Structure formats: structure tokens, C-alpha cells
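Residue numbering for the sequence shown follows our numbering, starting at 1 and increasing by one per position.
FYI, nobody ran anything at the bench for these hints, they're computed from the structure. These figures come from a predicted structure and were not determined experimentally. In this text, a Cβ means the ideal position worked out from N, Cα and C, and glycines have one as well. Heads up, a few of these hints could be off.
Said to hold, decoys possible - The calculated label-pair distances, taken between Cβ atoms and stated as ranges, are:
no.: 1; residue 1: 108; residue 2: 202; range: 35 to 41 Å
no.: 2; residue 1: 187; residue 2: 163; range: 21 to 27 Å
no.: 3; residue 1: 202; residue 2: 111; range: 41 to 47 Å
no.: 4; residue 1: 29; residue 2: 149; range: 44 to 50 Å
no.: 5; residue 1: 114; residue 2: 154; range: 36 to 42 Å
no.: 6; residue 1: 110; residue 2: 65; range: 52 to 58 Å
no.: 7; residue 1: 66; residue 2: 29; range: 42 to 48 Å
no.: 8; residue 1: 178; residue 2: 209; range: 38 to 44 Å
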Amino acid sequence: MDMMRGFRYLFLFIIACVLVYAFRQLVPEKPLVRAISIGTAYMGLLYFAAALSIGPLNLIRSRRNPVSSLLRRDLGIWAALLAIVHTLVGLQAHMGGRFIHYFIYPPGESHAIPFRTDAFGLTNYLGLICTFIMIALLCLSNNRSLRMMGASSWKKWQRLTYFLALAIPIHGLVYQLLEKRIGLYTVLLLAITLTIFAVQMSGFIKYQRIKTSRQ
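Sequences are here, hints too, so could you generate the full structure?
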């Protein structure tokens, strides 16, 4: 890793720590575990949104759009790391830390099948799927994987980010409804999500125009 990239990693780390701390100050009444869970979730989503915006913005500004750029890759790496921290910490925030009950009904509750099918369980399954996808993409975020898989196959895997762009906000919104946190957090979540879709749509429109002009 060159020095410039090392400084970028340090900068992204400091920004993440500062903003997670700021989230903690916004919810001083909540336990530390929940505050960290919320802070890492929003910071991960923010970095994820920034990573997804680089490609479309390059198209809009008529700039070269490489298969992989270090800035986009580094933002994606930090988004994945924060998502992993959010998952590990979040699994301690409810059910007294018994994380198995995030996915299976607690003993004493009578259900036809043990796997949770309520809103709490389903959004936890969705969050877990998103985390596994993030880990997979994190493992592919290197030049060796790009060379071994080839640009076409590598990009197909990267398109899983479009699923994440839809699934992560749904996961977050359901949790806000369950915890009755509708307010500033909802506005922030929707603002980041709508920004992602607006930038992606603008990039798609520009791409279609370029494609049409070349025919």
C-alpha cells in the first residue's frame, strides 16, 4: 500500500470514529452497544453511498470510468468493515445478547416452525444476507481477484451492490419502525438512499445517451 492510500485509510478511519462518536452523543440515553450499532450502520451506509456514486459521477462529468478505482475500492472496504462491526455489535443489542434468538424464536413461544417469520426475524435475516454479501465483496476487493476472475466476471459480482442498495435501507427502516425511532434517523436514511438512486439514475441516463450517440 502506497503512502497516499495509507493516508486515505487513516482519514476514513478517523472520519468514521468521529461520526460514530457524534451518533453516540445524539442518543446518550441509549446503551453504548445500541449507540455503536446505530453509528456504524449509518457510517457504513454513507461510505457505501459514496462508493456507489463514483462511477455515475464519472459518467455525468464525462470522465474515464475504470473497472476498478482505488478510491471506490477503499470506500467499499470501509463500508464492509463498518457493516461487519455493526452486525457483531448489533447482535448484542437485543435479546440479552442471545443472538440466536434474532433468528429463532425464544423457548416458550409456540410456533409451527422455530425460524422467526415476524418483522424482527425477517429483517435480521435480510441484514445477515447483506453482511455476507459485503464480506464476499470485501474478499474480492483486490487486484489479484480482478486478474483471476477477469473484468467481466468480477463486475458481475460487484453488481450485488445494487441489491444491497435496496436491501440495506429496508433493513434499517424496519428496525426504525420496530424501535419507534421515526424522526431524524429516518430522514437521514431516506436522504442517503434517495441520493444513491438519484445519482445512479443520472449515470444510467448519461450512459444511455452515450450509447445512443455511438450507434
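Each hint, compared with the structure:
1. Restraint check, residue 108 to residue 202: a C-beta distance of roughly 52 Å breaks the suggested window 35 to 41 Å.
2. At about 24 Å, the CB distance of residue 187 to residue 163 agrees with the hint of 21 to 27 Å.
3. Under the hint 41 to 47 Å, the C-beta atoms of residue 202 and residue 111, about 46 Å apart, fit the expected range.
4. A beta carbon spacing of about 48 Å between residue 29 and residue 149 agrees with the range 44 to 50 Å that was offered as a hint.
5. At roughly 38 Å, the beta carbons of residue 114 and residue 154 sit within the given window of 36 to 42 Å.
6. Evaluation of the 52 to 58 Å hint for residue 110 and residue 65 yields a pass: the beta carbon distance comes to about 55 Å.
7. For the pair residue 66 and residue 29, the supplied restraint of 42 to 48 Å holds, since their beta-carbon distance comes to about 46 Å.
8. Range check, residue 178 to residue 209: Cβ separation about 43 Å, and the 38 to 44 Å hint holds.
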